[in-house]
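In order, the protein sequence lines correspond to chains Y and C. Mind the numbering: the first sequence is residues 1 to 164 in the working numbering, read in order. Mind the numbering: the second sequence is residues 1 to 103 in the working numbering, read in order.
Please keep in mind that the hints were generated in silico from the structure rather than gathered at the bench. Quick caveat, the model's predicted, so the values are computed rather than measured. By construction, the Cβ of each residue, glycine as well, lies at the ideal position given by its N, Cα and C atoms. Some hints here could point you the wrong way.
Unchecked claim - For each label pair, taking beta carbons as the anchor points, the in silico distance ranges come out as:
(1) C:Lys-72 / Y:Lys-72: 17 to 27 Å
(2) C:Gly-77 / Y:Lys-72: 21 to 31 Å
(3) C:Leu-21 / Y:Lys-60: 13 to 23 Å
(4) C:Lys-67 / Y:Ala-90: 16 to 26 Å
(5) Y:Gly-64 / C:Gly-81: 15 to 25 Å
(6) Y:Asn-74 / C:Lys-35: 19 to 29 Å
(7) C:Tyr-70 / Y:Glu-154: 20 to 30 Å
(8) C:Leu-38 / Y:Lys-53: 30 to 40 Å
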Amino acid sequence: MNEFSDAPDSARRTVLKAAVAGGLAGLGLGSFPFPAFADADAKDFPADAFKQKSEADALKALYGKSAEASDKVNLDAPEIAENGAVVPIAITSTLPGVTGIAVLVLENPFTLAAAYKIPEGTQAQVASRLKMAKTSKVVAVVESGGKLYSATKEVKVTVGGCGG
Amino acid sequence: MASTIRVRAVAGADTTEVQSLIQHPMDSGFVKDAKGELIPPHHIEVVQFEHGGKTVFTALWGPAVSKDPYLKFGFKGGKKGDDLKVSWVDNKGASDTLTAKIQ
């Protein structure tokens, strides 16, 4: 027998009921407050653009136009990437009023690798690491003043980053 | 669990430089596992950085971004001690947020 054995059954039930009621009230009060600012939202993701298999289609899906080559877009990528799983890519631009940056790896299954939104006040530069299936041209695209400018560089890959 | 996000933001004279590392498998959907079955795509789609109630940077990532992605960028403004909020969401709906102090 346990230590409550001398308490009448009805009293124990009352205690249980009170506990259940308290628990429910607690749930009601603990409804989640809305966050003050919106977090990253999957609705912002241009899934269609990321499924395109050519440079022209990806840029059309993402920006609705095509790019022209420009020496004001600076693409910093290695000549030879020993490991295609981690290829450091850095893009900077001296163009004024940059609103977006995109990186495309032309030989990857899906051409578009990453796109960045650059609000006013943020610098036109980004560095990250990409996977490359094989040796490929890498294209950096910068959106400035409603137009697209690009720079291209070939990166040789000795071990691919997308194979099994 | 510790946060998946590591971020370091340093205020300079004019701009704040931000470097971040996020722990994520970033599976491309083209790699096979030991049994020869394709590992389905699992990658971060959107990363957002906020400072002073304003979005200062948004990254949209496809499956070609490397595992445990690294990111570096800079924005004007930002003082030592300011909050910088980082949030991400992936293609399976998982997400994480972190608020860091600018150094």
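Against the structure, the hints come out as follows:
1. For Lys-72 (chain C) and Lys-72 (chain Y), the Cβ-Cβ distance of about 20 Å falls inside the hinted range of 17 to 27 Å, so the restraint holds.
2. In this structure, Gly-77 (chain C) and Lys-72 (chain Y) meet the distance hint of 21 to 31 Å, their C-beta atoms being roughly 24 Å apart.
3. For Leu-21 (chain C) and Lys-60 (chain Y), the hinted distance range of 13 to 23 Å is not satisfied, since their beta carbons lie about 33 Å from each other.
4. For the pair Lys-67 (chain C) and Ala-90 (chain Y), the supplied restraint of 16 to 26 Å holds, since their beta-carbon distance comes to about 19 Å.
5. Roughly 41 Å separates the CB atoms of Gly-64 (chain Y) and Gly-81 (chain C), a value that falls outside the hinted 15 to 25 Å.
6. For the pair Asn-74 (chain Y) and Lys-35 (chain C), the beta carbons lie near 44 Å from each other, so the given range of 19 to 29 Å is not met.
7. Checked against the given bound of 20 to 30 Å, the beta carbons of Tyr-70 (chain C) and Glu-154 (chain Y), roughly 23 Å apart, stay inside it.
8. Checked against the given bound of 30 to 40 Å, the beta carbons of Leu-38 (chain C) and Lys-53 (chain Y), roughly 18 Å apart, lie outside it.
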